[in-house]
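Colleague: Assemble the dimeric complex from its two separately framed chains, guided by the hints.
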Amino acid sequence: MANNNFSRRKFLAGAAAVGAAGVAGFNPLVSCSGGGSQKSGSLVTGEPFKKVSDLFIPPLLDKAPDGQPLKAGVIGCGGRGTGAALNWLAAGPNLTVTALGDVFQDRVDSCRKRIKADFNIEVPEENCFVGFDNFQKVIDSGVDVVLLCTPPVFRPIHFEAAVKNRKHVFMEKPVAVDPAGVRSVLASAKMAESQGLKVVCGTQRRHQRDYIEVYKQVATGAIGDIISANAYWNQNKLWHRNPQAEWSEMECMIRDWVNWCWLSGDHIVEQHVHNIDVINWFTGTYPTRAVGFGSRQRRLTGDQYDNFSVDFVYDNGMHMHSMCRQINGCAGNVSEYIRGTKGYTNCQNRIYDLAGNEIYSYPYPLDEAGTPMRSVAVNPYDQEHIDLVTCIREDKPINEAEATAMSCLVAVMGRVSAYTGKEVTLEEMLNSDLKLGPETFIMGDVGIMKNAVVPISGEAAN
Amino acid sequence: MPKKVRSVFRKRSLLLLLFGFALGMIGAVFAHKGIKATSTDKFCERCHVHPHVFKSRKLSSHYATKSGMLVRCVECHLPPEGEGYLKEKIRLGAKDIYGFLVKDSADFNWEARRTVEMAQHFTSQRSCLKCHENLFPLTLTKEGQEAHLYYTQNEDELLCLNCHIDVGHYDPNRIHDRNVGFGSTTVANADVFTVPARVSALETFTETVPGTTVSFKMVAIPGGIFRMGSPEDEPLRKSDEGPATDVEITSFFMAETEVTWDEYLAFYSATGAEGRSTDTEGRRTLDDVDAITGPTPPYGQPDQNWGMGSRPAITMSYYAAETYCKWLSLITGKNYRLPTEAEWEYAARGGTETPYFFEGNPKTFTEKGFFGKLFGKENELIGKYVIYRANSMGRTQEPDRVEANPFGLKNMLGNAAEYCSDWYAADAYSRLPEKVKDPRGPASGEERVIRGGTFKSDAALVRNAARDKTQTDAWLKTDPQMPKSKWWLSDCNHVTFRVVCEFDENTGKQQ
Chain D
22 MANNNFSRRK
32 FLAGAAAVGA
42 AGVAGFNPLV
52 SCSGGGSQKS
62 GSLVTGEPFK
72 KVSDLFIPPL
82 LDKAPDGQPL
92 KAGVIGCGGR
102 GTGAALNWLA
112 AGPNLTVTAL
122 GDVFQDRVDS
132 CRKRIKADFN
142 IEVPEENCFV
152 GFDNFQKVID
162 SGVDVVLLCT
172 PPVFRPIHFE
182 AAVKNRKHVF
192 MEKPVAVDPA
202 GVRSVLASAK
212 MAESQGLKVV
222 CGTQRRHQRD
232 YIEVYKQVAT
242 GAIGDIISAN
252 AYWNQNKLWH
262 RNPQAEWSEM
272 ECMIRDWVNW
282 CWLSGDHIVE
292 QHVHNIDVIN
302 WFTGTYPTRA
312 VGFGSRQRRL
322 TGDQYDNFSV
332 DFVYDNGMHM
342 HSMCRQINGC
352 AGNVSEYIRG
362 TKGYTNCQNR
372 IYDLAGNEIY
382 SYPYPLDEAG
392 TPMRSVAVNP
402 YDQEHIDLVT
412 CIREDKPINE
422 AEATAMSCLV
432 AVMGRVSAYT
442 GKEVTLEEML
452 NSDLKLGPET
462 FIMGDVGIMK
472 NAVVPISGEA
482 AN
Chain C
257 MPKKVRSVFR
267 KRSLLLLLFG
277 FALGMIGAVF
287 AHKGIKATST
297 DKFCERCHVH
307 PHVFKSRKLS
317 SHYATKSGML
327 VRCVECHLPP
337 EGEGYLKEKI
347 RLGAKDIYGF
357 LVKDSADFNW
367 EARRTVEMAQ
377 HFTSQRSCLK
387 CHENLFPLTL
397 TKEGQEAHLY
407 YTQNEDELLC
417 LNCHIDVGHY
427 DPNRIHDRNV
437 GFGSTTVANA
447 DVFTVPARVS
457 ALETFTETVP
467 GTTVSFKMVA
477 IPGGIFRMGS
487 PEDEPLRKSD
497 EGPATDVEIT
507 SFFMAETEVT
517 WDEYLAFYSA
527 TGAEGRSTDT
537 EGRRTLDDVD
547 AITGPTPPYG
557 QPDQNWGMGS
567 RPAITMSYYA
577 AETYCKWLSL
587 ITGKNYRLPT
597 EAEWEYAARG
607 GTETPYFFEG
617 NPKTFTEKGF
627 FGKLFGKENE
637 LIGKYVIYRA
647 NSMGRTQEPD
657 RVEANPFGLK
667 NMLGNAAEYC
677 SDWYAADAYS
687 RLPEKVKDPR
697 GPASGEERVI
707 RGGTFKSDAA
717 LVRNAARDKT
727 QTDAWLKTDP
737 QMPKSKWWLS
747 DCNHVTFRVV
757 CEFDENTGKQ
767 Q
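So the protein sequences, as listed, match chains D and C.
Mapping of the first sequence onto the numbering used here: residues 22 to 483, in sequence order.
Mapping of the second sequence onto the numbering used here: residues 257 to 767, in sequence order.
With the rest of the complex left out, here is chain C (with noise of 0.2 Å):
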């Protein structure tokens, strides 16, 4: 008896297996047919409903290929088969289809999308790498050996992408190479100045610039004692905000805007370098020993096609712009200068001594944090004041998008981080005596401060008090010039300056 029962359960276990596998292998037919159908070109055009996307795709090199290999969409946005294709298929797809039901594609910011910086999320680099299997080709340049070599000596740092972000979506105005041209459009018919502004005294001014058509507001600010830094009570503030320390700062003037594009290629052109063959020390010839170094031409496009004009200027180093500032002192005959930290944080707080110079709590408009993140806070407010992550589309945006500060000062929070004289140290507070007078910071360091938060920046970063510092090495990380430019960043576009002048007697100070 438990002979027979045994034999038809075996019988019918046998049956029952041969079901499930036949089961099994249909079911992973049509998975993989699945699979197949959903990788086709054709399926992602189906959403991807913005022709912008297959226009640049069919003039990429990756398209109209010298081979006549075509490279379909899912091979450079996904990884390689077998190395978390279906995760990441499944990651990408999801993400897809929410944008396609809950949004509108013409909201997005497709500009952004294409930075390096987003880009990395949604394209694979093994991808790359698995069908450039070998980075050194016989028919590769000088210029691509350098640069691949380079590539293998940094790999953990590196993404093709850095040089090779347009080889799937064509971008006319993309540019990897010496940009000998920038800056060099011409202002038609405008009133150049021949003298700079005359002032007499402690009050708002117009800078004229000689020889340019330029001219910016100089704010005046009157001296008096704040306390520098914040509070420890104070939401989402960072230790090396603190000790709040009381400090006096001398009166001084103060840029209305950060440097515009304007300003800083007035500058470029006046001192800069045409048919300089090296992106090192410029070649001068011996009548100009005593004019003022200026930029050699950037490597690639500075303003990132954002645009120029009033914009903040951007991917200067720190050594350009303190040669800005020597460059305008020699021409003004005044003593511009970058402003110190502490002058930095005076003029930013306009009296006030809350998180920013309007009303406010940190936590209300961060989108850290669950609920942040969820429902993306934009406030009105912040909104009203600042150029930050939540309203400037992912790029510099005019100065006069926003309101000015209680001194009159525009953008000093958030658009573009501003340097600083100062040297950072995270413990540059807690070495402040007591009843300090214009502090300027550690004797010594390796980073400069740079201060006000960005247009990335999320709300807690653009508080009055909150502090950064320059990247020397990050900064310049994928610039291919041998040596590296001291006059422009390949890997920064989120930093600017704003001038400062001395009130001494030369702005109408009496002795």
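Next comes chain D alone, as it looks inside the complex (with noise of 0.2 Å):
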């Protein structure tokens, strides 16, 4: 049992230094969980601090070089898809989509649109597909990217075809709603490896440059070792969609998805993983163990929770609190907070000492006026897309793959901690079989909604 924590720890630790430093280079595959060439950068065991040049940072340029045309499709464009899109156009110069797929017409029709209005492109109607198969008659149809939008339970089934097609990915978080698609991402990103493909994930704060220099300063040591993280994502309810008369069983539940567990993996997996993530970058590890509570106290339609807190343990005995909540009319704050033996940081722009005096705080450009503006100088929405194409185009290794899985394990761990009452361990979830939602999809009655129980832990006081 001790040699297999000892592997276990080490392959963690492994997976965190690739989430941390990327893919440095195009590396034997086997030496992925430990024995590569990109050490561990935990903060948390006490490892020594980094030097700069051995983290890795993506490329971070303004706009995305000139280079061979790159055609994208769209899987998935709804919102955040159509959003997707924009950003990609707008990462530089050549860049074009060519193909668009949702289950629903509507969406198809509202993103072509979009693209029309904001880039006069058009996308050719043969290219635009419907139903639960677009995604591969878009990756069939000559695309280079994929940008993959949809609902994340069927991120892990859209990656792997995307990445046995050979496309570069574009996909948003989470990846998985549960242990078994985190799996399938993991395999799916060595394969993506193996073939030199080009992954970004839409955790974006990896991205966003004020985040970026902070983490410069904690992993070369501005904070010492860190001793305890937290983790903020306390919001209004997000929006809902009612149930329409022509709509059948999986169509509401789709165009409802964000309240759905199958769907979406609860709030905790769907978007609270962002600030999970953040704590996983700059820690340079994963938790191990979790127990959280959560409960479902507004919230009308769905089966989610509206709340939950874990306390994420890591092996050295430091934790992780995590808090995430979606009610209105409550204190928000979508923050992370990491502590240190020599100061702390919000992790986004600022580090102070021990005795809360400043000691960094992140230069924001200036505006017309001379103030400092408020946020970076390229979005981090954009700034993905042309970290993705200054990758492609110049051949430099980039792969978020396994980061933001890992990242959407450890957020599921904290959910069936809350769902169950039960401490959960991180190896558990890396070996369980757990997966939502039904065998296969149908646009018809499934037999879900009906049957739908929002979980209730432990036992009914007598």
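Please note that a few of the clues may not be correct.
27 Å max Cα-Cα, derived BS3-like pairs, lysine-lysine [as the list claims (entries may be wrong)]:
1. Lys345/C x Lys298/C
2. Lys185/D x Lys398/C
3. Lys84/D x Lys417/D
4. Lys92/D x Lys134/D
5. Lys443/D x Lys345/C
6. Lys742/C x Lys456/D
7. Lys712/C x Lys494/C
8. Lys417/D x Lys311/C
9. Lys185/D x Lys386/C
10. Lys386/C x Lys733/C
11. Lys456/D x Lys398/C
12. Lys494/C x Lys456/D
13. Lys314/C x Lys386/C
14. Lys345/C x Lys386/C
15. Lys359/C x Lys343/C
16. Lys185/D x Lys417/D
17. Lys84/D x Lys137/D
18. Lys298/C x Lys343/C
19. Lys351/C x Lys314/C
20. Lys359/C x Lys185/D
21. Lys443/D x Lys733/C
22. Lys398/C x Lys158/D
23. Lys345/C x Lys359/C
24. Lys311/C x Lys351/C
25. Lys712/C x Lys693/C
26. Lys473/C x Lys765/C
Simulated from the structure, these hints should not be mistaken for lab results.
Modeller: Here you go:
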């Protein structure tokens, strides 16, 4: 058992390092779990601080360089898919969108219209695909890159198909909603790596210049060894869509997807994974067990919780506390906090010493009046695509799939613990057969909504 | 003058140097040629004359490769060049020459050499990975993805051989899949028992399992007091065998032999799960809920292709062994269960207080130590009673190969280790109160006791008092199913069990 733990830790640290360091070159895959050239940069386990040159930092150009024309296909044409398409088109010269896919015709139409309006690009009618098999048709239509922006339950299938057809990938977080999906993404990530494919994920803080500057400082020792961490996403309720008479059950759920666990992973996975991912990125490792709780108090649709509070524990005894809530009229907070032996940081733009004196502040660009602006020069949603295109055109390594998949697994670990009331280990999650949603997808009645049960942990009081 | 000498010396030394260099070069060229010449398949074939090696190689996926590449013997059996290639070549070469000159290849236990346990000592993991640099090719199946991902997470404990042992030498009997057809062969024209044995006294009886053709002998074990554990001066003892303590045991019955495949398969086919799609919990119809849940189909070949029949059934989990007892109790109307550790040792000793139930000093039997290793002590006396490393040919054997102990029980020592119902604790005996009766071991624990040594054990480990324990994690390490089987062990081929039956009102005890 001791042995087992050791190797597991090694794997986890290695995987985190891949996340932190991206892929340092086209490495033999067998070295991914520890023996590779990129040793863990875990600040939790007290390893030596790194030099900036050892860190993986995306190219961060203001515009992607010119080069061969790149055609993208959008899979999932809702709000985020359309947004991603626009971010893609804005990333640099010679970029286009040539195929669209969604399960709903109206989504394809609205996305197509928006691309025409904003960039005067006409996606050919014959390259617009509707139905659950749209992803394969988009992939087969001759694109170079796919933008995977459907609800996350479909991501593992789409990612695998994209990689097997040698497409570069931008994919939204989360990349899976359950352990089976996470493992599929981990395996596809390794396939992508072996093919030299570029993969960028929608955990955009890793492409946000202020976060990256603070990351450099922390990784090189600005706050010493990390001793605790907090992650927050407390906000108002998200949107919902009420069922319509003419919609089938499947259509009702997909149009209301952020409220159904099998589609979104619940908001601890769907949304809060951003903050958990920042902690994983900064610490260079993963928590190995969790005890959490949560509840449903205000929500009307779907089968999800309103709030989660999870105590994540690392092998060396360090804790990360995570809380996330979607209830109107409560205190809001979307941020991270990491404390070290020498100071603390909000991860985004400021570092303090132990006494609370600010020792670093990110220098935001100045506006015309000479006062610092509140955001970075290139918004991170564009930056993701600029970095993707830069890495494709200059053949630089980038593959964020494994890091994002592991962050999703950590979030799933928290969710499962809250739903069941039990302590859950990352090891259990890595080896769990939990798989959400129906075996096959049909646009009809699937018997999920009427049987939906909101999980209740523990035993009834007597 | 000195100048002249120096110049001559210089000239000569240059000559000498050149000569030495040339000699070195020639030597190197010949050595290189020699290494090359002794690394060809033809060269290997000269000494490895056993024809099945080449036949199985030609049928393997590394010979008939899809791409037309041909993998040479040394490419798998030696590490990559520059990574200890020469050293390993010398080691294996010396071994082969010794074997070729001194031994007869017909005497080798070829089958045992094809187990992962042995094959890893002459197959190089680094060589696997040198050619198979990319463990995630685009053509990898879903199952392959899961398995290779598992490998990348457990590199220190896994070998490619664990799943791919037949890629270099084809084995027609090997199964690396769910073995749905396992145990489905039917026995023709045998009488099916309709009633269980009726037992009216503490006398040896033959149990007849209703609805099956299976019967087995249950030996009456009269109760008594014995000294459990080994004295501190017993040769080759371990500390967990003490302190030796007096223990009283109530009368019971114990199976003459370890549970046989015939017996275990009767249980498997009566309770097992046809058409079950997963290896987790049985998916049963409502009508079945009162019945005992039986094993799911195994993964691979549980009997290791050693044969079944009266050989001990192996590779079942502790849970499966326990469930077997429940099933047997249900259909025979008696109380069958696994023995406690105390009952087991009491039965194994058969009244003796010596290291074995026969005469002999462990030191004279063991192969441990310099002389033991050198001469490989097989001893006729121990070999008469015990299947252990020196006489097992690397596998379990049928019970009629050995003679019984004083109680009439066979294979208590050796052959396969046997589950006991106690939790294992190294200090279990020191926790026993004085004058204890029928102890059941620690109240809780992580691993169960196994007793009796195995076909792989040295003579030191088949003593009456020798103790061992289960290894839950290690014994399921390579089970590729998710979740791992709770019925079958993927990585343990040396444990079985033996049932005991309580002497109670169902078996003729007068109240």
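Colleague: State for each hint whether it applies.
Modeller: Hint check:
1. Between the alpha carbons of Lys345/C and Lys298/C the distance comes to roughly 16 Å, so the proposed pair stays at or under 27 Å and holds.
2. As the CA atoms of Lys185/D and Lys398/C are separated by approximately 12 Å, the hinted pair is consistent with the 27 Å bound.
3. A C-alpha spacing of about 16 Å is found between Lys84/D and Lys417/D, which places the hinted pair at or below 27 Å, so the restraint holds.
4. Of the supplied pair hints, the one linking Lys92/D and Lys134/D holds, its CA atoms being roughly 18 Å apart against a limit of 27 Å.
5. Only pairs whose Cα atoms come within 27 Å are accepted, and Lys443/D paired with Lys345/C is rejected, the gap being roughly 54 Å.
6. For a cut-off of 27 Å, the pair hint linking Lys742/C to Lys456/D stands: about 20 Å separates their Cα positions.
7. For a cut-off of 27 Å, the pair hint linking Lys712/C to Lys494/C stands: about 18 Å separates their Cα positions.
8. For the proposed pair Lys417/D and Lys311/C, the alpha carbon gap of about 48 Å is over 27 Å, so the pair is violated.
9. The hinted pair formed by Lys185/D and Lys386/C meets the criterion: a straight-line CA distance of about 23 Å does not exceed 27 Å.
10. For the hint pairing Lys386/C with Lys733/C, the CA-to-CA distance comes to about 24 Å; that is within 27 Å, so the pair holds.
11. Of the supplied pair hints, the one linking Lys456/D and Lys398/C holds, its CA atoms being roughly 15 Å apart against a limit of 27 Å.
12. Between Lys494/C and Lys456/D the CA atoms are separated by roughly 47 Å; this puts the pair beyond 27 Å, and the hint is violated.
13. Between the alpha carbons of Lys314/C and Lys386/C the distance comes to roughly 22 Å, so the proposed pair stays at or under 27 Å and holds.
14. Between Lys345/C and Lys386/C the CA atoms are separated by roughly 17 Å; this keeps the pair inside 27 Å, and the hint holds.
15. Between Lys359/C and Lys343/C, the direct Cα distance comes to roughly 23 Å. Compliance with the 27 Å bound is thereby established for this hinted pair.
16. For the given pair, Lys185/D sits about 20 Å from Lys417/D by alpha-carbon distance, which is consistent with the 27 Å threshold.
17. Straight-line distance between C-alpha atoms of Lys84/D and Lys137/D comes to about 22 Å, which keeps the hinted pair within the 27 Å bound.
18. Of the supplied pair hints, the one linking Lys298/C and Lys343/C holds, its CA atoms being roughly 21 Å apart against a limit of 27 Å.
19. Of the supplied pair hints, the one linking Lys351/C and Lys314/C holds, its CA atoms being roughly 24 Å apart against a limit of 27 Å.
20. Of the pairs offered as hints, the one joining Lys359/C and Lys185/D is violated, with about 52 Å between alpha carbons and a cut-off of 27 Å exceeded.
21. Proximity of Lys443/D to Lys733/C is assessed by CA-CA distance (about 25 Å); at most 27 Å being required, the pair is judged to hold.
22. Taking the CA atoms of Lys398/C and Lys158/D, the gap is about 21 Å. The hint holds against a cut of 27 Å.
23. With a C-alpha separation of about 20 Å, the suggested pairing of Lys345/C with Lys359/C holds against the 27 Å cut-off.
24. A C-alpha spacing of about 23 Å is found between Lys311/C and Lys351/C, which places the hinted pair at or below 27 Å, so the restraint holds.
25. Using a Cα cut-off of 27 Å, the hinted pair Lys712/C and Lys693/C is violated, with the two alpha carbons roughly 33 Å apart.
26. For the hint pairing Lys473/C with Lys765/C, the CA-to-CA distance comes to about 19 Å; that is within 27 Å, so the pair holds.
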